[in-house]
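Participant: The listed protein sequences derive, respectively, from chains S and B. What the first sequence shows, in my numbering, is residues 1 to 206, in sequence order. What the second sequence shows, in my numbering, is residues 1 to 290, in sequence order.
Among the hints, erroneous ones may be present.
Below 27 Å or equal to it, Euclidean Cα-Cα: the simulated DSSO-like pairs (lysine-lysine) are [what the hints assert, rightly or not]:
hint	chain 1	residue 1	chain 2	residue 2
1	S	Lys18	B	Lys111
2	B	Lys111	S	Lys206
3	B	Lys246	S	Lys38
4	S	Lys186	B	Lys111
Facing chain B, according to a computed beta carbon distance under 10 Å, are these residues of chain S, among others [to be verified]:
hint	residue
5	Pro8
6	Thr10
7	Ala13
8	Gly20
9	Asp21
10	Val78
11	Ala139
12	Gly141
13	Ala143
14	Gln149
15	Glu153
16	Arg156
17	Leu159
18	Val170
19	Val193
20	Ala200
Derived from the structure by calculation, the hints contain no laboratory data. Note that the structure is a prediction, hence the values are computed from the model and not measured. Yeah, the Cβ is synthetic: ideal placement off N, Cα and C, and Gly gets one too.
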Amino acid sequence: MTIELRTPITDDAIRSLKVGDTVLLSGVVVTARDAAHKWLADAFIHPLQPPSPQEQATLKELKAVLDRGVIFHCGPVVTGLDTRQYRIVAAGPTTSMREEPYQADVIRLFNLKGVIGKGGMGQKTLDALHASPAVYFHAIGGAAAVIAQTVTEVLRVHLLELGVPEAMWVIHVERLPVVVTMDSHKRSLHDQVRAQSRRALDRLLK
Amino acid sequence: MMDLKEAICELIRLTSTDLPAGVEKRLREAANREEPGSAARLAMDTILANVDMARKNSTPICQDTGTPIFFVHYPSGMDTGALTAQIRSAVELATQRSTLRPNAVHSLTGKNSGNNLGNDTFPTIHYTAIKEDTLTIDLMLKGGGCENVGAQYSLPDTSLDAARDLDGVRKAVLDAVHRAQGDGCAPGFLGVAIGGDRDTAYAASKEVLLRDLDGRNPDETLNQLESRLTQDANEMGIGPMGFGGKTTVLGTRITCLYRLPASYFVTISYMCWAYRRRKMTLTAGQVTYE
Ligand code: SF4
Numbered sequence: 001m002t003i004e005l006r007t008p009i010t011d012d013a014i015r016s017l018k019v020g021d022t023v024l025l026s027g028v029v030v031t032a033r034d035a036a037h038k039w040l041a042d043a044f045i046h047p048l049q050p051p052s053p054q055e056q057a058t059l060k061e062l063k064a065v066l067d068r069g070v071i072f073h074c075g076p077v078v079t080g081l082d083t084r085q086y087r088i089v090a091a092g093p094t095t096s097m098r099e100e101p102y103q104a105d106v107i108r109l110f111n112l113k114g115v116i117g118k119g120g121m122g123q124k125t126l127d128a129l130h131a132s133p134a135v136y137f138h139a140i141g142g143a144a145a146v147i148a149q150t151v152t153e154v155l156r157v158h159l160l161e162l163g164v165p166e167a168m169w170v171i172h173v174e175r176l177p178v179v180v181t182m183d184s185h186k187r188s189l190h191d192q193v194r195a196q197s198r199r200a201l202d203r204l205l206k
Numbered sequence: 001m002m003d004l005k006e007a008i009c010e011l012i013r014l015t016s017t018d019l020p021a022g023v024e025k026r027l028r029e030a031a032n033r034e035e036p037g038s039a040a041r042l043a044m045d046t047i048l049a050n051v052d053m054a055r056k057n058s059t060p061i062c063q064d065t066g067t068p069i070f071f072v073h074y075p076s077g078m079d080t081g082a083l084t085a086q087i088r089s090a091v092e093l094a095t096q097r098s099t100l101r102p103n104a105v106h107s108l109t110g111k112n113s114g115n116n117l118g119n120d121t122f123p124t125i126h127y128t129a130i131k132e133d134t135l136t137i138d139l140m141l142k143g144g145g146c147e148n149v150g151a152q153y154s155l156p157d158t159s160l161d162a163a164r165d166l167d168g169v170r171k172a173v174l175d176a177v178h179r180a181q182g183d184g185c186a187p188g189f190l191g192v193a194i195g196g197d198r199d200t201a202y203a204a205s206k207e208v209l210l211r212d213l214d215g216r217n218p219d220e221t222l223n224q225l226e227s228r229l230t231q232d233a234n235e236m237g238i239g240p241m242g243f244g245g246k247t248t249v250l251g252t253r254i255t256c257l258y259r260l261p262a263s264y265f266v267t268i269s270y271m272c273w274a275y276r277r278r279k280m281t282l283t284a285g286q287v288t289y290e
């Protein structure tokens with residue numbers, strides 16, 4: 001049965017999720033990929049110099065929407081850049097593993113309850129999901145048009161100077177289809193599938 | 001030379017937004033094999049809804065519109081410099097129209113060029129001169145997620161017990177599929193090149209993906225290996241998106257290159273389910289698409 005969830009998400013709702021659950025997710029989510037994660041790490045997590053007033057202002061706005069919220073590894077295609085009447089026309093997930101060095105810290109920085117992406121993440125993130133608690137939602141890779149259609153509103157954009165895919169788009173989604181592949185109980189569907197397919201591979205290589 | 005900018009821009013639009021019918025048919029068959037209510041089925045149903053919607057709205061099938069790779073067969077004597085300029089301006093125009101996402105990033109500064117142009121190598125264009133008086137341009141959009149799981153093996157590979165023979169090839173390819181898990185947006189297609197050197201082999205492993213999906217490999221041994229690889233890969237149960245399931249690979253294509261006596265490479269290009277490729281033909285001033 002498919003579960004309906006809305007941000008901000010409660011800890012109880014998160015703990016009740018387990019790997020393999022299919023979920024329709026609604027509410028505010030924020031896109032963030034490589035450059036955004038690196039910026040968060042450089043400016044706030046391991047800063048070499050104090051963040052600028054502008055960076056602090058951005059962080060404050062992000063915190064307001066990301067407390068018990070969800071981050072989305074996604075580099076969308078957006079129209080209306082010249083008029084600022086932004087419309088997301090394609091918004092599939094990107095490979096999450098690239099954010100593994102940063103993700104645990106970013107989950108703590110914002111008190112995230114979910115990370116949407118594809119491909120799953122590593123042990124450090126799995127531990128952070130357990131501690132938070134939070135879950136990893138696997139979106140359907142490449143399903144950019146279907147996901148774009150669940151975006152009902154573009155609320156804001158931060159860091160547009162990084163380019164359209166790398167900017168942080170604050171969007172409202174309705175019933176975005178995802179699968180829980182890492183839960184808050186330290187279980188990973190990716191580890192399970194990897195182990196089971198490894199046994200099959202060993203048989204096939206004989 | 002005729003101005004082909006708009007015609008090539010239309011080729012890009014078709015490729016990015018309208019998945020070839022043969023690919024869609026295989027996706028539909030794969031969806032029906034998965035258990036209703038399972039994560040794998042949700043993935044396949046979402047993919048199919050997505051293919052439909054992208055075509056209807058003329059929007060990109062996937063937000064990663066990838067590296068545009070053009071394979072051009074041109075009547076010998078044609079000015080390829082002028083054609084390159086037209087292809088590049090068509091790519092720029094398609095980016096302005098949001099058919100392509102700005103995807104060309106400077107490797108040192110990390111800056112996105114904003115128009116999908118970068119040096120002479122982005123987009124990729126391969127030229128072959130032909131005798132006929134027909135220009136054909138095949139376009140493939142190769143996404144980053146699936147490009148990252150491509151792999152090259154140098155046989156013999158003792159860790160896989162893979163020797164320099166077709167069973168060694170089979171072992172290398174299956175290892176690559178296992179390593180990829182769902183990360184190349186499974187279910188996908190495998191383009192395999194046996195032999196060559198490191199760079200010709202990667203190019204060939206992509207070009208072989210242009211071959212007709214339902215056609216047979218002219219070499220019967222390779223034809224059998226193609227079917228066997230698809231079947232073996234699916235036995236691993238990695239499934240759509242790596243959620244676990246019946247279909248991981250929808251088809252395999254193999255090509256064979258000459259090699260040095262000292263080298264035996266097996267090169268695998270993984271193509272995600274969003275197998276975007278289209279062909280444009282120009283004969284007697286008439287442009288057609290397939
Ligand atoms: S691997 Fe293919 S379907 Fe997946 S995100 Fe990349 S281009 Fe899209």
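Participant: Give a verdict on every hint.
Facilitator: How the hints compare with the structure:
Restraint check: the Cα-Cα separation between Lys18 of chain S and Lys111 of chain B comes to about 39 Å, which exceeds 27 Å; the hinted pair is violated. With a CA separation close to 47 Å, the supplied pair Lys111 of chain B and Lys206 of chain S exceeds the 27 Å bound. Note on Lys246 of chain B and Lys38 of chain S: the hinted pairing is violated, with a Cα-Cα distance of about 37 Å set against a maximum of 27 Å. Proximity of Lys186 of chain S to Lys111 of chain B is assessed by CA-CA distance (about 37 Å); at most 27 Å being required, the pair is judged violated.
A hinted interface residue such as Pro8 of chain S counts as satisfied when its beta carbon comes closer than 10 Å to some beta carbon of chain B; here the least separation is about 24 Å, so the hint is violated. A hinted interface residue such as Thr10 of chain S counts as satisfied when its beta carbon comes closer than 10 Å to some beta carbon of chain B; here the least separation is about 23 Å, so the hint is violated. About 19 Å separates the beta-carbon of Ala13 of chain S from the nearest beta-carbon of chain B, more than 10 Å, and the hint is not met. Hint status for Gly20 of chain S: holds, given a least beta-carbon distance of 6 Å to chain B, under 10 Å.
Evaluation of the Asp21 of chain S hint against chain B yields a held restraint, the C-beta minimum of about 8 Å falling below 10 Å. A least Cβ separation of about 8 Å between Val78 of chain S and chain B falls short of the 10 Å threshold, and the interface hint therefore holds. Contact between Ala139 of chain S and chain B, as hinted, is supported at the beta carbon level, the nearest pair being about 9 Å apart and thus within 10 Å. Annotation: Gly141 of chain S was flagged as interfacial toward chain B, and the flag holds, the nearest CB pair being 4 Å apart, inside 10 Å.
Below 10 Å, beta-carbon pairs count as interface contacts, and Ala143 of chain S has one with chain B at about 4 Å; its hint therefore holds. Below 10 Å, beta-carbon pairs count as interface contacts, and Gln149 of chain S has one with chain B at about 6 Å; its hint therefore holds. Nearest Cβ of chain B to the Cβ of Glu153 of chain S: about 18 Å, over the 10 Å cut. The hint is violated. The restraint placing Arg156 of chain S at the interface with chain B is violated, with a minimum CB-CB distance near 19 Å, outside the 10 Å limit.
Proximity of Leu159 of chain S to chain B is violated relative to the hint, the smallest CB-CB distance being about 13 Å (cut-off 10 Å). Because the smallest distance between the Cβ of Val170 of chain S and any Cβ of chain B comes to about 17 Å, over 10 Å, the interface hint for this residue is violated. The interface hint given for Val193 of chain S holds, since its Cβ lies 5 Å from the closest Cβ of chain B, which is under the 10 Å cut-off. Because the beta carbon of Ala200 of chain S sits about 4 Å from the nearest beta carbon in chain B, less than 10 Å, this interface hint is met.
Violation of the numbered hints given earlier is confined to hints 1, 2, 3, 4, 5, 6, 7, 15, 16, 17, 18; the remaining hints are satisfied by the structure.
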